[in-house]
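Engineer: One letter stands for each residue in the lines below.
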Amino acid sequence: MNAPLYEIGAFGDTGALLFALGLGLVFGWFLERGGLGNATKLAGQFYLTDLTVFKVMFSAIVTTLLGVYWLSKLGWLELPLVFLPPTYVLPQLLGGAVFGLGFVMGGLCPGTSCVAASTGKTDGLMVVAGMLFGVFAFNEAFPLLEGVYRATPMGSVTIPGVLGVPFGVVVFAVVAIALGAFRAAGWLEARA
Amino acid sequence: MLPAVGAAPATAAAPPDAEGHGAARPGAREARPYMNPYLAGVGIGLVLLAAFVIMGRGLGASGAFSSAVAAGVSSIAPERARTLEPYAAYMGDERRGPLADWLVFEIVGVTIGGALSAWLAGRMRRGIDKGPRVSNGGRLAYAFGGGTIMGIGAKLARGCTSGQALTGGALLSVGSWLFILAAFAAAYAASPLFRKEWT
Numbered sequence: 001m002n003a004p005l006y007e008i009g010a011f012g013d014t015g016a017l018l019f020a021l022g023l024g025l026v027f028g029w030f031l032e033r034g035g036l037g038n039a040t041k042l043a044g045q046f047y048l049t050d051l052t053v054f055k056v057m058f059s060a061i062v063t064t065l066l067g068v069y070w071l072s073k074l075g076w077l078e079l080p081l082v083f084l085p086p087t088y089v090l091p092q093l094l095g096g097a098v099f100g101l102g103f104v105m106g107g108l109c110p111g112t113s114c115v116a117a118s119t120g121k122t123d124g125l126m127v128v129a130g131m132l133f134g135v136f137a138f139n140e141a142f143p144l145l146e147g148v149y150r151a152t153p154m155g156s157v158t159i160p161g162v163l164g165v166p167f168g169v170v171v172f173a174v175v176a177i178a179l180g181a182f183r184a185a186g187w188l189e190a191r192a
Numbered sequence: 001m002l003p004a005v006g007a008a009p010a011t012a013a014a015p016p017d018a019e020g021h022g023a024a025r026p027g028a029r030e031a032r033p034y035m036n037p038y039l040a041g042v043g044i045g046l047v048l049l050a051a052f053v054i055m056g057r058g059l060g061a062s063g064a065f066s067s068a069v070a071a072g073v074s075s076i077a078p079e080r081a082r083t084l085e086p087y088a089a090y091m092g093d094e095r096r097g098p099l100a101d102w103l104v105f106e107i108v109g110v111t112i113g114g115a116l117s118a119w120l121a122g123r124m125r126r127g128i129d130k131g132p133r134v135s136n137g138g139r140l141a142y143a144f145g146g147g148t149i150m151g152i153g154a155k156l157a158r159g160c161t162s163g164q165a166l167t168g169g170a171l172l173s174v175g176s177w178l179f180i181l182a183a184f185a186a187a188y189a190a191s192p193l194f195r196k197e198w199t
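Top line first, the protein sequences correspond to chains Y and H.
Residues 1 to 192 (the numbering used here) are what the first sequence spells out, left to right.
Residues 1 to 199 (the numbering used here) are what the second sequence spells out, left to right.
For the record, the hints were derived by calculation from the structure and aren't laboratory data.
Where a beta carbon is used, it is the ideal one built from N, C-alpha and C, also for glycine.
Certain hints may be false.
What the hints assert, rightly or not - Computed beta-carbon distance windows for the label pairs:
| id | chain 1 | residue 1 | chain 2 | residue 2 | range |
| --- | --- | --- | --- | --- | --- |
| 1 | H | R126 | Y | W70 | 41 to 51 Å |
| 2 | H | R32 | Y | G168 | 31 to 41 Å |
| 3 | Y | A184 | H | L120 | 28 to 38 Å |
To be verified - Heads up, incomplete: computed chain Y residues facing chain H, CB under 10 Å, no partners named:
| id | residue |
| --- | --- |
| 4 | L18 |
| 5 | L36 |
| 6 | D123 |
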């Protein structure tokens, strides 16, 4: 087997959209099942009363990370063909901070706001509306923001690449940190 | 000390703060408890891995909002949508239009999958999730404001919790991990300002 399937021409653009719909459906299912369509539960992350966001997010990252590592080691997944988001240090630090402020204020992130909205939550619908307005506002202000947006480009770089250590070492470190943090999360919740 | 932690907000004892009316609506089906968060995380991780294997790209959410905004603007001001870069970048294929896009279809899937899950678990009900000390109108204003700020932040960072944190995070992208650290640091730093909204 060789993957990514789309990149090696196993199916066309219409097929890709159907896969997108199907994968999105399962993604939305697990978000809702995990309780991430509920803003009160998400906000609990920032008051250390409910660490569901952290648990779901990091167990997902660790799962994918291990999958990517082993599939590419076995030669089944051509990692260079998987799109790696490019790094722009300043806008990603700044944008991340702005995003975090909006996150604790809105209580939902863009993906989970769609789940909240489609499960009957009016606050979810308002976050969706706000997102649309925010994207519009950014786009209209783009000529002013373009300098920051394009600042400090580093290309598509990874942590092991920048540190000059093997991919597997960083995978091991992330998994070890995650396991420690999961224990700490349980302890924090028990205290809250 | 806080009554509304853990499973409380959306489980059987219907939230007393949802739209002001709560407990025991007769005939309302009992909501089932949420799944173990680690299992839900593993499920999401496998979906993301499948996206890499099938498509060679990951999941996302804010990109779908960009496509929707580009579609809206192009229907009102087509010239602007063609020329201003953040719209033009999301105009997609000339013939198929901005909405025939991987992330748009994925997000449509997310809304359907979420609704299906909630419905089967008896959690599909109208309401507003919030702490007990804020009015419905106040919470909705915060929701709109938070969404607006997140929209700006996600554009600046080229992605959100799905496209940067999950997808880029699982590929060990440097920028994605900077995004994760900055987002959580800012959210914790700002959390005292919104304590009344949530607790």
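Engineer: Please go over all the hints and tell whether each is borne out by the structure.
Structural biologist: Hints and how they fare:
1. H:R126 to Y:W70: 41 to 51 Å: With Cβ atoms ~44 Å apart, the hint holds.
2. H:R32 to Y:G168: 31 to 41 Å: holds, 40 Å
3. Y:A184 to H:L120: 28 to 38 Å: holds, 33 Å
4. L18: holds, 8 Å
5. L36: The hint holds - Y:L36 has a Cβ within 10 Å of chain H, the shortest such distance being about 8 Å.
6. D123: Holds: closest Cβ of chain H sits about 4 Å from Y:D123, inside 10 Å.
Going down the numbered hints, you'll see the structure goes against none, and every one checks out.
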